[in-house]
Structure formats: structure tokens, C-alpha cells
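**Q** Residue numbers (the working numbering), protein chains in the order written: chain A, 1 to 259; chain B, 1 to 341.
All clues stand as given, with none of them false.
Not the full set, but computed from the structure, chain A residues with beta-carbon under 7 Å of chain B: (1) K3; (2) K14; (3) T15; (4) R19; (5) L22; (6) S94; (7) F96; (8) Q98; (9) G99; (10) L101; (11) V102; (12) A103; (13) P104.
These are computed hints drawn from the structure, not numbers from a lab.
All C-beta atoms, glycine included, are put in the ideal place defined by N, C-alpha and C.
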Amino acid sequence: MHKGAATYELGIVKTMWWRDMLLLYKQRSRWLGVVVQPLLFWFMIGSGMTSVFRLPGVGGNSSYLEFFYPGILVMILLFTTIFASMSIIEDRQSGFLQGVLVAPGSRVSLVLGKVAGVTSVAAVQAALFVALSPVAGLPYAQIHWIALAGTIVIGCAGLTAMSFVIAWTLNSSQGYHAIMGVVLIPLWVISGAMFPVPVSGWLHIVMYFNPMSYIVNGARLAMSPAGVPMPGISPLLTLVILTLFAVAMTALAARVCRR
Amino acid sequence: MIAQPEIPTNEHRAEPESAAGTPRLSVRELRHAFGRNEVLNGLTFDVRPGEVFGMLGPNGSGKSTAMAILSGILPLQDGRLLVDGTALTPNDRRWREDLGVIFQSPSLDAKLTAVENLKLAAALYGIKGADAKRRIDEQLAGVGLESRAKEPVGNYSGGMKRRLDIARALLHEPSILFMDEPTAGLDEASFRRAWERLDAMRQERGLTIILATHRPEEADKCDRLAILRGGKADLIDTPQALRERISTDMIALVADDLEPLRDQIRERFGLEALVDAGELLIECEKGHEIIPRLVEAFPEGRFKSVSLRQASLADVFLKITGFALDDDQPAAPDGSEAADA
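Start from the sequences, fold in the hints, and give me the full structure.
**A** Shown next as C-alpha cells:
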């Protein structure tokens with residue numbers, strides 16, 4: 001019985017996506033933890049920083065909590081993609097992915113399916129988090145929903161594909177943890193998530209090469225009028241750059257895992 | 001000038017197997033190296049339609065690597081694959097849709113139930129709706145897991161996972177099945193039952209099975225066996241013919257200082273003997289007549305135990321390659337097989 005190529009390509013995308021959805025449902029408490037922990041982090045650091053942190057031109061007690069909220073949103077996206085991609089390593093050597101690798105569908109579809117799955121998981125978590133944004137002084141009415149959804153989905157797709165490349169290339173859990181601690185989390189810290197990036201110096205230059213800066217920028221512009229945007233990067237340009245990043249990373253991921 | 005018909009391969013014609021018709025699968029000169037470590041060094045064999053073909057060798061002999069290449073998990077570095085006489089790459093969709101693979105460790109998600117795992121496997125091959133449901137029910141019944149189908153696979157025993165993995169690999173009704181140490185962790189009853197099902201499928205649908213194993217009892221299930229040594233097939237024959245290569249009886253002696261003992265036995269009895277895993281193995285005819293002579297020829301207490309048995313495929317393998325099946329082959333440690341213990 002021979003079927004067309006499209007059947008198998010769609011089949012592999014569906015399998016990868018569906019599996020992540022089943023796991024999201026089964027591991028509800030685990031994934032809720034990925035939202036709650038950053039939320040606590042936001043509340044504690046945000047409360048402490050409020051007394052010393054003053055944004056130019058913005059006053060009031062809630063200003064740092066407000067500033068930090070979109071940054072924490074990006075942290076949730078980052079943690080979700082990191083944890084969801086970590087399983088690739090073991091899965092490929094001795095688990096579920098083995099069967100996917102011998103199926104007729106292509107590796108491009110495998111990557112697309114994984115990106116779709118993790119992005120969907122992250123979108124659910126982001127929705128939970130954004131639902132609480134009035135608590136942080138960011139009322140729904142001021143949120144630009146389309147820009148926010150676009151930033152979350154496209155940004156998360158890029159992060160997932162990037163994590164896929166790291167996981168597949170290193171093929172070791174320890175190596176993956178090392179990259180997470182030494183590269184990914186520091187990149188989040190200097191993305192503008194925790195503090196506005198200085199307008200000069202090395203941090204300023206790094207910011208423009210840091211994909212997470214654009215996710216933070218997109219989320220901040222969509223959520224908060226008090227946000228400090230990246231100089232010269234409009235909301236539209238942010239989405240364009242995030243799209244290019246996602247496409248490039250997906251192509252790279254399909255390349256590293258090719259047969 | 002007469003146009004020559006295109007000849008697929010010269011080697012192919014030269015194979016004695018071609019007398020039995022076009023092989024279902026031909027592997028030619030497969031070579032593979034991990035860095036500078038050559039694991040496969042010109043592996044060549046033919047598999048006939050509907051046969052069970054075994055690759056017998058210890059861990060590190062390259063059998064898992066060969067399967068990983070043929071199923072497209074590892075890239076093909078050098079060598080060729082012919083399916084029904086047509087050259088293909090392991091990436092070819094027609095080949096892959098006909099192929100089912102049972103891995104050393106089951107390809108299952110332990111957090112999902114058996115039914116969910118099988119639903120995902122169905123989706124992977126574009127099998128939907130009522131057709132998917134029918135096949136899943138059929139496979140679950142076939143491996144005797146219907147009553148626990150809704151439990152997470154993480155709760156299953158090793159043998160149950162193995163059975164579910166067999167169901168998973170057969171769900172899309174492949175015509176070629178690769179099995180890498182398939183019955184590791186199966187108890188005797190499950191082992192028999194798994195083989196009964198596979199035999200039935202061979203009868204019904206002409207399923208061709210290729211398995212990699214280091215277990216003699218599994219090798220005995222094969223129609224033909226390739227003895228792997230040094231990254232190639234040293235010898236390919238039926239288990240019976242391989243067994244006939246050595247005399248039918250094996251005497252196993254347990255004693256201290258086996259090497260001097262071996263030399264003495266060679267000298268005084270003219271018998272060939274091998275030291276393996278703390279035993280001295282003597283192959284001979286009429287072992288029951290030799291044992292009393294052996295016992296009398298040496299002082300009391302020289303032997304801790306003396307036993308007589310029929311030569312197994314493990315003995316044949318040791319005789320042919322000089323390696324024991326349950327040893328890791330030192331010449332070619334193979335990363336992809338390291339997990340197998």
C-alpha cells in the first residue's frame with residue numbers, strides 16, 4: 001500500500017505536535033510550575049527592585065513590576081522551549097523519536113512538528129501568564145493582542161528550533177545543561193528583560209545580535225506603554241526579524257538532523 | 001552492436017543466492033566508521049523473500065550500526081542497498097513505508113498509555129479513523145495487552161514494553177521487519193508467543209525479517225545466519241549447517257589452570273580444546289566415551305566439574321571467530337551498541 005508524500009509529511013508533523021499536546025495535558029502540574037515559578041520570581045525581584053529602580057519619565061511604585069512583566073513572559077517562553085527540547089536527546093537515543101526517525105516522512109517535517117508542538121505548549125502558558133497582567137498594572141485594554149500573539153508564536157518557534165539545533169548537535173544532556181546555563185540564561189538577562197539595555201557599550205552591541213532582545217522588545221511594545229523599546233526597532237521590524245530568525249533556525253535544525 | 005541490458009551489479013550475479021530468485025534485500029560492501037574506528041568493513045549479504053535472516057555477533061560487531069544505516073538513522077557512508085533488485089538509498093520513501101523497526105530499547109513514550117502510543121504510531125503513517133482503531137485493537141489483542149491498554153507505559157514491565165513495541169512496529173503492516181535484539185527482556189512464554197505471531201505473519205503476508213542478536217536461542221529461529229567478524233559477514237549459512245561445522249558434542253571442564261590442562265589434553269588425547277569464560281571446551285564425537293577416559297587420566301580433584309552437551313550456536317561462533325558471543329568485541333567498540341548490556 002503506497003501513499004503520497006504529503007500523507008507522510010503531515011503524519012510526522014501531526015505525530016510530533018499531538019504528542020506534545022498529550023504531554024501538556026498529562027503533565028499539567030509540571031507545566032503550571034513553569035508559569036508559577038517565574039511569577040514568584042517576578043513578584044519577589046520586582047518588589048525589591050521597585051524602591052531603587054526608576055525609569056526615565058515614569059514614576060509610581062509599580063513601575064519596575066510593570067517593566068519586568070514582559071521580561072518574565074519571555075523567561076517562560078525560554079524555559080518552556082528549553083525543557084521541551086531537552087527530551088530530544090534521550091528520545092533520539094533510546095526513546096520515542098527512534099520510531100519517528102525511521103518513518104517515511106522527512107526530517108524537515110520532524111522539526112516543523114516539534115516546533116509546532118512546543119510553540120503550542122508555550123502559547124498556552126503565555127496565555128495563562130498574560131491573563132494575570134492586570135495584576136502587574138497592565139490592563140487588557142492597553143495590550144495590542146495581535147502584536148503580542150505574533151511575538152509569542154514567532155519568537156517561540158525560533159527559540160524551539162534553536163534549542164533543537166543545540167540538543168541535536170550536542171547529543172548529551174550535560175552539554176545541553178551547560179549551554180543553558182552559560183549561554184541561554186545570560187542571553188535572557190541581557191536581552192532587556194531585567195533592565196533597559198544601556199544606550200552604549202558592549203551590552204548595547206550584543207543586544208542587537210541577541211534574538212531574545214527582539215522577543216522582549218516585541219512583548220514590551222505590545223503590552224506596555226511604559227516599555228523602553230530598542231532604539232531604531234519598530235514593532236513591525238521586530239516581527240520581521242523574529243520571523244527571519246525562526247525560518248533560519250528551522251532550516252538549520254532540519255539540516256543538522258538530516259539523513 | 002547489441003545493446004547490453006543494464007546489469008544492476010556484478011557482485012549480485014556472482015552471489016550463489018541469486019539462484020533462489022531476486023533477493024528481497026541485498027546489502028553490498030557496507031562500510032562505516034565512527035571517527036577512525038571502522039565498525040563495518042564491507043558487509044555484504046542477501047536476504048530472500050519471506051526468510052528470517054540473522055546477524056549474529058557480540059556487542060560491537062557492527063550489527064546495530066548496519067541496521068541503523070539501512071533504516072536511515074545513520075547516514076550511509078559507503079556501500080549499496082538493493083530492494084527487490086533495485087538500487088535505493090535508505091532515504092527512499094518506498095523503502096521506508098515497507099519497513100518496520102524494533103529497536104534495542106522500545107520506541108515508546110513512557111508517560112503515555114499504550115493506546116496513545118499506538119495512535120501516534122498510526123498518525124506517523126497517515127493511518128486514520130476506523131482503520132487506525134481496528135489496527136490498534138488488533139495489535140493490542142495480538143500482544144495480549146488489551147486489558148492494560150489505558151495504563152501509562154511507564155507502569156509496564158520490561159517484557160510488556162517490548163511486546164507493545166512489537167505491536168507498534170507492526171501497526172503499519174510492514175513487509176520487512178528489522179529487529180535489534182528483539183526478545184531481550186522477554187520471558188520464555190512471551191518469547192514463544194512473539195515468534196508464533198511473527199511466523200504467522202510470514203505465512204500470511206510473506207513478511208521478511210532481519211534480526212541482530214547475540215543470543216544463540218534467537219539465532220536458532222533464523223533460516224540463515226551471517227556470522228559477523230571484523231565488520232563483515234564471515235560466513236552465511238543455515239543454523240544447522242553452521243552447527244555441522246563442528247563436531248556434535250561439547251565437553252565443558254571447569255578446573256584451575258585451564259591453559260596447561262588444554263595443552264595436556266591436546267597432547268594426550270589429540271582433542272581440540274578452547275578456553276572460554278572459565279571453562280575448557282572440548283569438541284568431540286561420542287563425548288560419553290571420552291569423559292571416563294579423561295577423568296581417569298588426571299589426578300582426583302583436577303576437575304571441579306565435567307559436563308557434556310550438544311554444541312550450540314555460541315560454540316560455533318566461538319570456533320569460527322575466536323570471540324565469545326557474550327563478550328564485547330574489543331576490536332571495534334561501537335557507540336551505537338554501547339547502551340546494550
